[in-house]
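Based on the provided sequences and hints, a complete structural model is requested.
Number of protein chains: 2
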Amino acid sequence: MKKTRNTTAKTAVLEVFEKSRTALSHTEIQKQLNGICDRVTIYRILERLMNDDIIHKISNLDGTVKYAKCNHSHQRVHIHNHAHFSCENCHEITCLENVKPSYIMPHNYKVKEINFTLSGLCPNCLNSNI
Amino acid sequence: MKKTRNTTAKTAVLEVFEKSRTALSHTEIQKQLNGICDRVTIYRILERLMNDDIIHKISNLDGTVKYAKCNHSHQRVHIHNHAHFSCENCHEITCLENVKPSYIMPHNYKVKEINFTLSGLCPNCLNSNI
DNA sequence: AAAAATATCGCAACAATGTTGCGATTTAAT
DNA sequence: ATTAAATCGCAACATTGTTGCGATATTTTT
Numbered sequence: 001m002k003k004t005r006n007t008t009a010k011t012a013v014l015e016v017f018e019k020s021r022t023a024l025s026h027t028e029i030q031k032q033l034n035g036i037c038d039r040v041t042i043y044r045i046l047e048r049l050m051n052d053d054i055i056h057k058i059s060n061l062d063g064t065v066k067y068a069k070c071n072h073s074h075q076r077v078h079i080h081n082h083a084h085f086s087c088e089n090c091h092e093i094t095c096l097e098n099v100k101p102s103y104i105m106p107h108n109y110k111v112k113e114i115n116f117t118l119s120g121l122c123p124n125c126l127n128s129n130i
Numbered sequence: 001m002k003k004t005r006n007t008t009a010k011t012a013v014l015e016v017f018e019k020s021r022t023a024l025s026h027t028e029i030q031k032q033l034n035g036i037c038d039r040v041t042i043y044r045i046l047e048r049l050m051n052d053d054i055i056h057k058i059s060n061l062d063g064t065v066k067y068a069k070c071n072h073s074h075q076r077v078h079i080h081n082h083a084h085f086s087c088e089n090c091h092e093i094t095c096l097e098n099v100k101p102s103y104i105m106p107h108n109y110k111v112k113e114i115n116f117t118l119s120g121l122c123p124n125c126l127n128s129n130i
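Keeping their order, the protein sequence lines are chains A and B. Read in order, the letters of the first sequence correspond to residues 1 to 130 in this note's numbering. Read in order, the letters of the second sequence correspond to residues 1 to 130 in this note's numbering.
In short, the hints are calculated from the structure, not lab data. There could be a bad hint or two in this list.
All copies of an identical chain are treated as equivalent in the list; a pair is satisfied when it fits inside any one copy or across any two copies.
[Unchecked claim] Once the Cα atoms are required to be at most 27 Å apart in a straight line, the calculated DSS-like pairs of lysine-lysine come out as:
#: 1; residue 1: 19; residue 2: 31
#: 2; residue 1: 57; residue 2: 31
#: 3; residue 1: 57; residue 2: 19
#: 4; residue 1: 100; residue 2: 110
#: 5; residue 1: 3; residue 2: 110
#: 6; residue 1: 19; residue 2: 110
#: 7; residue 1: 110; residue 2: 57
#: 8; residue 1: 57; residue 2: 100
#: 9; residue 1: 3; residue 2: 100
#: 10; residue 1: 10; residue 2: 100
#: 11; residue 1: 10; residue 2: 57
#: 12; residue 1: 3; residue 2: 69
Computed from a predicted structure; not experimentally measured.
Listed below in C-alpha cells is the structure:
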C-alpha cells in the first residue's frame with residue numbers, strides 16, 4: 001500500500017477535526033478551511049484519513065454523511081462499534097464512545113460491523129426547552 | 001393534510017416492494033418499473049408512502065439510501081426501531097424485525113428514534129463460502 | 001353523467017454531493 | 001540536489017435528490 005504524506009491541506013483538515021467537538025460533513029470542513037485547498041482534495045484527504053483509521057464515517061438517518069476523529073484510547077485494533085447521537089434540532093452529531101448496544105442475532109448472519117445511531121435532542125437543545 | 005390517491009404508478013411501486021424480500025433504492029425501483037413513470041414521480045411516491053407509514057427509509061453505512069415496507073403486524077403505533085442487515089457481498093439490505101438492541105444512554109439526551117444497522121455477510125453469501 | 005376541485009404527473013431545470021483523468025506540484029527518500 | 005512517488009488543482013462528469021409549473025388524472029360535488 002501507498003505511504004501517506006503529511007501535507008499542508010491534510011494538516012489543516014486534521015486541525016479542523018481537532019477543534020471540533022462534533023462530527024463534520026465535507027461541506028462543513030470545506031467552509032472552515034476557507035479555500036486552503038480544492039473541494040476534491042478534501043475528499044481525497046478524508047479517504048486517506050479513513051484508510052489510516054484516523055477518522056471514521058458516519059451516515060445519518062436523513063442520508064447526510066459526516067466524519068469524526070477516531071478515539072484510539074481503549075483498543076489496539078479498534079472497530080467503530082460505538083454509538084452516535086444525531087440532534088434533530090441543531091443537527092450536530094456526536095460520538096457516544098461508551099454506549100454499546102447489546103443484541104441477539106438470528107444465526108447464519110456473520111456480523112462484522114455495526115452502526116448504531118440515535119436521534120432526538122442533545123443536552124444543549126434539551127436544556128433550551130425546544 | 002392531503003388525501004393520497006391510488007394511482008397506476010403508486011400501485012406499481014407497491015407491487016415492486018411486495019415482490020422484494022429486501023430493501024430497495026430509488027434506482028432499483030426505477031429499473032424494475034421499466035419506464036412506467038418518471039424518476040421524479042418515484043421520489044414523490046416514496047415520499048407519500050413514507051408519510052402514510054407504508055414504507056420506511058434506511059440509510060446505510062456507505063451513505064446509500066434504501067426503502068422497505070413496514071411490518072405492521074405487531075404494534076398499532078409503530079416506530080422503526082428494528083435493526084437492518086446490510087450484506088457487504090451482495091449489498092442486499094434486509095429488515096431484522098426481531099432484533100432490538102438494548103443500551104444505556106447518558107442522561108440529558110432525549111432519544112426519539114434509533115437506527116441500528118449491522119453489516120457483514122448474509123446467510124446466502126455466508127453459505128456460498130465467500 | 002358532467003362539472004369542479006385537487007392530487008398527481010411529466011418535463012425541464014437546478015442543486016448538492018461525490019468521482020475520475022491528467023498534467024503540474026510538492027514531499028520525502030537517496 | 002536529484003529522483004520517485006504521493007498529492008494537488010482543474011475540468012469534466014455521474015448520481016441523487018429537489019422545485020416550479022402547466023398538463024393530466026382522480027375524486028368529489030352537483
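Each hint tested on the structure:
no.	hint	in the structure
1	19 to 31	within (14 Å within a copy, 44 Å between copies)
2	57 to 31	within (19 Å within a copy, 29 Å between copies)
3	57 to 19	within (18 Å within a copy, 33 Å between copies)
4	100 to 110	both (18 Å within a copy, 17 Å between copies)
5	3 to 110	neither (32 Å within a copy, 43 Å between copies)
6	19 to 110	between (37 Å within a copy, 26 Å between copies)
7	110 to 57	both (21 Å within a copy, 23 Å between copies)
8	57 to 100	both (17 Å within a copy, 23 Å between copies)
9	3 to 100	neither (33 Å within a copy, 42 Å between copies)
10	10 to 100	neither (31 Å within a copy, 40 Å between copies)
11	10 to 57	within (17 Å within a copy, 35 Å between copies)
12	3 to 69	within (20 Å within a copy, 45 Å between copies)
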